[in-house]
Amino acid sequence: MIKFLQKLQRRTPLGWLQLRRDPGRLRVALAGIAFADVLMFMQLGFQNALYDSNTRVDRAMRADIILSSPQALNLQNLSTFSRRRLLQAMDIPGVETASGLYVGTLTWRNPQTRLKATVQVLGFDPDIPAFDLPEVNQQLDKIKILNVVLFDRGARGKYAETIAQIDKGQTVTTEVENRTLTLGGLFTLGASFGADASLMSSDQTFLRLFPRRDPASVSLGLIRLKPGYNPQQVAAALKSHLPEDVRVMTAKEFVKFEENYWQTASPIGFIFGLGTAMAFVVGVVIVYQVLSTDVNAHIKEYATFKAMGYDNSYLLSVVFEEAIILAFLGFIPGFFLPNVLYALAANATALPLYMTYSRAALVFTLTLVMCMLSGAIATRKLQSADPADMF
Amino acid sequence: MSAIKIQNLSHYFGHGQLQKQVLYDINLEIESGEIIIMTGPSGSGKTTLLTLVGGLRSPQSGSLQVLGKELYGATPKELTAARRHHGYIFQSHNLHGSLTALQNVRMGLEVHPNYSNKEMNDRAAEILTEVGLGDRIDYYPDDLSGGQKQRVAIARALVSHPQLVLADEPTAALDSKSGRDVVDLMQTLAREQGCTILLVTHDNRILDIADRIVSLEDGKLSDKATAKV
Chain F
5 MIKFLQKLQR RTPLGWLQLR RDPGRLRVAL AGIAFADVLM FMQLGFQNAL YDSNTRVDRA
65 MRADIILSSP QALNLQNLST FSRRRLLQAM DIPGVETASG LYVGTLTWRN PQTRLKATVQ
125 VLGFDPDIPA FDLPEVNQQL DKIKILNVVL FDRGARGKYA ETIAQIDKGQ TVTTEVENRT
185 LTLGGLFTLG ASFGADASLM SSDQTFLRLF PRRDPASVSL GLIRLKPGYN PQQVAAALKS
245 HLPEDVRVMT AKEFVKFEEN YWQTASPIGF IFGLGTAMAF VVGVVIVYQV LSTDVNAHIK
305 EYATFKAMGY DNSYLLSVVF EEAIILAFLG FIPGFFLPNV LYALAANATA LPLYMTYSRA
365 ALVFTLTLVM CMLSGAIATR KLQSADPADM F
Chain D
77 MSAIKIQNLS HYFGHGQLQK QVLYDINLEI ESGEIIIMTG PSGSGKTTLL TLVGGLRSPQ
137 SGSLQVLGKE LYGATPKELT AARRHHGYIF QSHNLHGSLT ALQNVRMGLE VHPNYSNKEM
197 NDRAAEILTE VGLGDRIDYY PDDLSGGQKQ RVAIARALVS HPQLVLADEP TAALDSKSGR
257 DVVDLMQTLA REQGCTILLV THDNRILDIA DRIVSLEDGK LSDKATAKV
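Sequences listed follow chains F and D, in order. For the first sequence, the working numbering gives the first residue as 5, with consecutive numbering after it. For the second sequence, the working numbering gives the first residue as 77, with consecutive numbering after it.
These are calculated hints, taken from the structure and not from any lab test. In this text, all values refer to a predicted model and were calculated from it rather than measured experimentally. It is possible that some hints are incorrect.
As the list claims (entries may be wrong) - Subject to a maximum C-alpha distance of 27 Å in a straight line, what follows is the list of computed DSSO-like cross-link-like pairs (lysine-lysine):
| id | chain 1 | residue 1 | chain 2 | residue 2 |
| --- | --- | --- | --- | --- |
| 1 | D | K96 | D | K81 |
| 2 | F | K11 | F | K304 |
| 3 | F | K11 | D | K253 |
| 4 | F | K243 | F | K260 |
| 5 | D | K153 | F | K385 |
| 6 | F | K260 | F | K230 |
| 7 | D | K81 | D | K153 |
| 8 | F | K146 | F | K162 |
| 9 | F | K304 | D | K153 |
| 10 | F | K120 | F | K146 |
| 11 | D | K81 | D | K145 |
| 12 | D | K96 | F | K11 |
Please put together the full structure from these sequences, using the hints given.
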């Protein structure tokens with residue numbers, strides 16, 4: 005290792021000097037790498053936003069253990085199970101409360117544009133807070149009134165005026181299924197891919213909005229434990245106590261379950277994965293073009309070095325040196341640009357887009373691999389650097 | 077001791093029906109410290125012979141000893157190692173455009189593992205001063221004239237004090253004055269360092285520096301091969 009460093013120390017940084025000598029080519033290379041990096045960051049960012057936004061509601065639930073139908077797929081496709089299971093759950097020691105949550109999607113008229121739009125409705129008993137959202141819990145009294153709901157400030161769509169009106173304390177009404185709905189207050193959760201906007205309502209309002217839903221069939225069961233009980237142990241006890249027609253998960257498992265759905269069952273994870281792979285390939289092609297042009301431009305000089313007694317591995321090291329330098333330099337703009345784009349896209353889509361260290365590390369690793377791979381392909385050109393044929 | 081000893085060396089290009097013999101049964105011995113000029117018309121095989129001696133090609137038959145090392149049957153690795161012991165000067169200077177004169181000359185030392193960073197820089201600057209470019213050590217090749225570039229190339233070939241210098245038409249791209257300067261320089265430096273020079277040229281104006289002239293025609297060394305000038 006020390007030997008290697010000593011070797012490195014006395015070595016002329018040929019790759020760097022070569023890159024620096026041709027600023028035009030260097031700029032093109034860096035722009036190409038930054039472009040690939042931006043693409044990768046955006047793809048991975050959107051993918052992460054998808055998982056994040058789709059588990060936002062799940063993560064906000066005020067529950068230690070969550071019951072669902074065994075047929076549940078995700079928050080938009082929960083199916084239902086019998087409310088009786090909640091009462092049965094109360095038999096297990098450690099269970100403090102077990103309340104039902106009704107989840108449904110309906111089409112309403114956007115109060116601002118009067119156009120039809122889809123919203124997700126979350127209905128629960130206002131006496132037992134279902135969410136860990138202070139804004140919701142402070143306004144539970146409002147939704148106790150029939151046909152009054154709370155509206156999501158982070159909703160996607162043209163709701164800016166509506167939100168401003170509610171903020172000013174004005175009453176905003178709209179129409180759902182020939183019924184007038186009052187937006188009594190606001191909370192902040194944010195849009196997801198599955199739902200543009202969410203409404204919080206009481207279970208009574210929910211059942212009026214969805215007249216075909218059976219009050220005895222709930223979408224989810226939220227179980228809170230008494231202090232000092234381990235969710236995993238209680239969940240195990242619930243599993244053996246309750247019949248097979250209900251699935252028991254701890255809150256963490258439930259979030260994971262939802263995330264897993266979007267990762268595997270939906271094509272979205274695949275699409276963004278493919279997008280990232282394409283960005284990677286684009287990067288390989290661009291860097292390869294630059295490196296192979298560079299090798300071609302210096303092929304005579306390389307042949308001369310060979311004639312002087314440098315071996316092939318020396319020339320390989322020059323190409324890889326260039327690849328690594330390009331990866332490092334290209335990553336700088338490739339890291340800062342996405343931060344700006346994330347902010348722009350987050351504004352436009354109301355999705356939680358932001359930079360994370362782990363993603364930056366991942367993209368940097370991919371950039372390095374990308375450049376090394378291009379370098380490896382470009383080095384094939386070095387074989388034509390034969391001093392005997394050249395002079 | 078002879079620096080180069082060539083016995084029954086033949087060389088072919090191509091394969092099968094297209095095979096063409098370019099060197100026929102060459103026998104040549106060059107003493108240490110001799111300056112040999114090899115002349116001959118284009119296509120006579122001069123460059124081929126030079127690249128064989130320089131370890132840029134593998135000998136196909138016969139025997140070729142350079143600086144006491146048999147190159148016939150040498151592995152590519154051994155050939156690479158052998159190249160480090162001679163300086164090679166090409167028809168065009170072949171300097172690296174991204175490196176300054178000093179860095180180019182340094183490359184001739186870097187291939188040897190036993191020089192320190194400072195030694196390399198000092199020696200490179202020193203030999204550049206000797207070839208008259210002391211004030212241009214930080215110039216890029218693009219900013220030097222043809223003769224100056226060729227002088228840098230000579231400095232690069234000689235900086236590691238090789239026992240053998242091989243030059244392939246080093247004056248071809250130069251006007252007569254700079255050509256003359258370049259060969260004089262080679263001669264002086266070689267004399268100082270006591271190295272053997274094998275120089276291929278068409279240029280009649282520089283024949284006088286040679287101890288001996290050999291001429292190659294159609295791949296054969298002609299009779300006057302051993303004639304002393």
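Consistency of the hints with the structure:
Restraint check for D:K96 and D:K81: the C-alpha separation of about 24 Å stays at or below 27 Å, so the hint holds. Taking the CA atoms of F:K11 and F:K304, the gap is about 25 Å. The hint holds against a cut of 27 Å. A distance of roughly 41 Å separates the Cα atoms of F:K11 and D:K253; the hinted pair therefore is violated under the 27 Å criterion. Between F:K243 and F:K260, the direct Cα distance comes to roughly 18 Å. Compliance with the 27 Å bound is thereby established for this hinted pair.
For the proposed pair D:K153 and F:K385, the alpha carbon gap of about 20 Å is at most 27 Å, so the pair holds. Of the supplied pair hints, the one linking F:K260 and F:K230 holds, its CA atoms being roughly 24 Å apart against a limit of 27 Å. Restraint check: the Cα-Cα separation between D:K81 and D:K153 comes to about 21 Å, which is no more than 27 Å; the hinted pair holds. Among the hinted pairs, F:K146 with F:K162 is consistent with the structure: their alpha-carbon atoms are about 24 Å apart, no more than 27 Å.
A hinted pair counts as satisfied when its Cα atoms are at most 27 Å apart, and F:K304 with D:K153 qualifies at roughly 21 Å. Taking the CA atoms of F:K120 and F:K146, the gap is near 25 Å; set against the 27 Å cutoff, the hint holds. Distance hint between D:K81 and D:K145 is fulfilled; the C-alpha atoms sit about 10 Å from each other, no more than 27 Å. For the proposed pair D:K96 and F:K11, the alpha carbon gap of about 44 Å is over 27 Å, so the pair is violated.
In summary, the structure is inconsistent with hints 3 and 12 from the numbered list given earlier, while agreeing with the others.
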